[in-house]
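Visitor: Sequence:
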Amino acid sequence: MPCARLLLQRSHALYRRTVNTWSAVGAAFNVQHQRLEHLKKNVGLFGVSELSSPAGFQMALCQALREAEFLVHRACTHPPGAVTVETFDQLSDSLCKVADLADFVKVAHPDAAFREAAEKTCVDIGTVVEMRVAELFMLDFEISGIHLDESKRSKVVALNVKLLDHYNEFLSGSQLPNAIEKQVLPEHIRHCFSIDGNRVQIGGLHADSPNELVREAAYKIFLYPNTSLLLCLDELLACRHELATLVGYESFAHRALKGTMAKNPENVMKFLKSLTEKLSDRTSKDFMMMKEMKKKTHSTNPVNQVMPWDHAYLSGAIRTEKFNIDPSIYSPYFSLGACMEGLNHLFTQLLGVSFQTVQPKMGELWSEDVRKLALVHETEGLLGYIYCDFFRRPDKPHQDCHFTIRGGRLRDDGVYQLPVVVLMLSLPPPSGKTPSLLTPSMVENLFHEMGHAMHSMLGRTRYQHVTGTRCPTDFAEVPSILMEYFASDYRVVSQFARHYQTGEPLPESLVSRLCESKRVCNAADTQLQIFYAALDQVYHGKPQYRSTTDILRETQEKFYGLPYVYDTAWQLRFSHLVGYGAKYYSYLMSRAVASMVWRQCFLQDPFSRMMGERYRREMLAHGGSKEPMLMVQGMLQKTPTIEDFVDALVLDLDANLKSPV
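If you read the sequence shown in my numbering, its first letter stands for residue 31, the second for the next number, and so on.
Derived by calculation from the structure, the hints in this document are not laboratory data.
The model shown is predicted, which means the values in this text are computed figures rather than measured ones.
Keep in mind that a hint or two might mislead.
What the hints assert, rightly or not - Below, in silico cross-link-like pairs of lysine to any residue (SDA-like), each with a Cα-Cα straight-line distance of 20 Å or less:
id	residue 1	residue 2
1	Lys-185	Gly-278
2	Lys-300	Lys-315
3	Lys-250	Asp-597
4	Lys-250	His-221
5	Lys-315	Asp-684
6	Lys-288	Asp-580
7	Lys-150	His-139
8	Lys-250	Pro-207
9	Lys-136	Val-115
10	Lys-250	Thr-585
11	Lys-402	Val-78
12	Lys-185	His-196
13	Lys-300	Thr-671
14	Lys-303	Met-319
15	Lys-308	Glu-322
16	Lys-250	Asp-580
17	Lys-150	His-221
18	Lys-250	Ala-599
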């Protein structure tokens with residue numbers, strides 16, 4: 031359409047006129063690390079003066095605990111009311127300023143002494159929160175059991191402490207490798223695993239291995255049942271159920287889903303069952319394609335039956351055969367600096383905010399490779415700070431995530447406490463004259479995590495415990511998933527994707543092929559997520575008084591399509607049972623909402639300031655202080671149904687969400 035072409039031309043012209051203004055942002059990420067030796071005074075990590083050394087964690091913790099004692103006493107000696115909520119938020123803010131910072135430092139700091147001090151702080155402050163606070167600073171006090179008499183409140187606290195032990199045991203056990211005598215394995219595949227004397231250690235599924243026997247062996251050995259961990263899971267689920275019923279809920283799932291978009295487990299199961307039904311034909315076709323691909327890969331299985339250990343490898347093989355997406359073709363167009371300028375351009379257009387590079391002070395950073403950005407609004411001024419820990423380094427986890435270091439809140443003096451976050455990625459660092467070059471999946475992850483950052487930066491809530499991403503789990507991923515749609519739209523990508531040597535723009539055909547490749551076997555991939563979500567719901571529903579493995583087998587038959595493998599216990603590797611607890615469906619529901627928001631509000635014009643302002647006003651500003659469905663309703667100008675969620679996900683599998691040009 032002519033108007034769409036005109037929009038694209040105007041956007042290109044605007045980019046060319048303003049790119050020099052933003053070049054400082056791009057340059058900050060395309061050059062090697064900054065040198066800070068000229069700065070003398072050590073201000074401490076994130077500007078917290080105590081944290082100029084590992085010992086400072088103990089000082090910060092002691093200060094937070096003194097404040098906590100005072101605030102808990104004040105809460106317990108005043109009648110419930112507005113003052114109580116304010117007190118609990120101050121308590122949350124005091125503890126989180128230490129706990130959130132320590133939670134990040136324990137995984138990301140290159141200095142082992144800092145990591146150990148942060149780890150100890152996390153344990154100490156976690157114990158205080160469980161034993162003395164017992165979730166008191168949650169907005170909905172009924173969930174926490176505050177309305178109970180003293181004896182039952184004591185039991186709630188005891189159950190929370192017990193659960194903490196179960197969580198630690200289960201999470202630790204879920205990551206441990208399984209060992210087997212090496213003579214049990216065929217000699218020609220032993221080298222694929224870690225060998226320790228006469229035993230082979232298998233610490234993962236090796237799902238991408240082209241060797242079918244390796245995949246099968248890894249699956250059967252890594253998932254072999256561990257009796258003590260099975261008991262731990264049983265006790266964890268029983269403890270959660272007891273806690274939920276003690277505070278008046280039918281099940282832990284009912285308790286966990288209070289205040290979410292889904293509202294209750296009945297709606298979640300309706301969503302999962304309806305989605306399974308709508309995907310049925312597409313899922314069957316995907317599994318048939320996998321079966322045909324298995325024949326081509328010279329399967330040792332005489333009937334070429336697709337097994338659970340085949341799913342990831344075969345879907346990848348089909349994707350490669352159909353599209354042969356080579357990341358190295360794309361990477362020269364995606365220098366990190368260019369991507370950051372592209373994000374800057376997008377946010378300036380949509381929200382009137384832009385990045386400004388900030389010179390960090392001595393001791394403020396944990397690595398010289400970290401970049402500090404201020405987010406500045408064109409009229410409102412400074413909104414917060416983003417620390418970008420983007421580059422790989424030894425001992426740094428290979429994970430992409432968003433950490434809240436300080437939540438925004440309205441202070442007693444009427445000044446807004448500005449949010450501070452860290453975005454952690456695992457990107458190749460610049461080398462010489464070659465900038466950091468990203469693969470398409472890295473670009474998508476960058477946009478995804480920046481969606482979380484914008485949620486934190488643009489939240490303007492009275493209380494910090496409900497600011498930004500501190501909202502119901504099934505809404506928290508909406509802003510980040512929405513950013514993935516922007517990252518896949520050529521009108522957005524064309525604004526920044528330039529070959530770092532020649533300046534040549536990324537051809538539109540490459541973006542189209544990339545988008546098409548993502549839909550290969552997507553129905554089967556989605557069905558696998560549905561199975562995980564359904565299992566999570568069943569485990570946290572009313573007790574069934576049978577083994578978690580029997581429940582797994584039955585749920586897999588209903589919700590997956592690939593057979594259960596005898597003598598395996600996949601649930602013992604499902605570590606998300608701890609963190610999500612009846613909310614694993616959230617990613618699917620968040621994706622459905624993001625799809626609807628993209629299609630209705632941004633598909634026609636991904637740079638629409640009007641829609642960007644509505645997005646900030648209706649969705650980003652409220653964090654967890656407003657019912658999530660009301661935020662979605664405000665954005666879409668209607669209240670979506672479960673059927674709307676399902677239809678949005680199904681449409682994503684078939685449609686190329688791109689406005690006609």
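Visitor: Is Lys-300 within 20 Å of Thr-671, Cα to Cα?
Guide: Cα-Cα ~11 Å, so holds.
Visitor: Taken at face value, is the distance from the CA of His-221 to the CA of Lys-250 at most 20 Å?
Guide: Given that 20 Å is the threshold and the Cα spacing comes to 17 Å, the pair holds.
Visitor: Does the structure keep Lys-250 and Asp-597 at a Cα separation of 20 Å or less?
Guide: The hint holds at about 8 Å.
Visitor: For the pair we were handed, Lys-250 and Pro-207, check the Cα-Cα distance against 20 Å.
Guide: Cα-Cα ~12 Å, so holds.
Visitor: Holds or violated: Lys-402 and Val-78, Cα atoms, limit 20 Å.
Guide: It holds: about 15 Å lies between the C-alpha atoms, which stays within 20 Å.
Visitor: Between Lys-303 and Met-319, does the CA-CA distance stay at or below 20 Å?
Guide: Violated. Lys-303 to Met-319 sits at ~24 Å, over the 20 Å cutoff.
Visitor: For a C-alpha distance cap of 20 Å, please report whether Lys-288 and Asp-580 respect it.
Guide: 28 Å, violated
Visitor: Quickly compare the C-alpha distance for Lys-150 and His-139 to 20 Å and report which way the hint goes.
Guide: Given pair Lys-150, His-139 holds - Cα atoms ~14 Å apart, limit 20 Å.
Visitor: Is it true that the CA of Lys-250 sits at most 20 Å from the CA of Thr-585?
Guide: Between Lys-250 and Thr-585 the Cα gap is close to 19 Å, so the pair holds against 20 Å.
Visitor: So if I understand the rule, the pair passes when the alpha-carbon distance is 20 Å or less; does Lys-250 with Ala-599 pass?
Guide: Satisfied, since the Cα-Cα distance of roughly 9 Å is no more than 20 Å.
Visitor: Run the distance test for Lys-250 versus Asp-580: straight-line Cα separation, threshold 20 Å.
Guide: Roughly 17 Å separates the two Cα atoms, so the pair holds.
Visitor: Given the hinted pair Lys-150 and His-221, is their Cα-Cα distance within 20 Å?
Guide: Distance ~38 Å between Lys-150 and His-221 Cα, so the pair is violated.
Comparing the model with each earlier hint shows violations of hints 2, 6, 9, 14, 15, 17; every other hint is respected.
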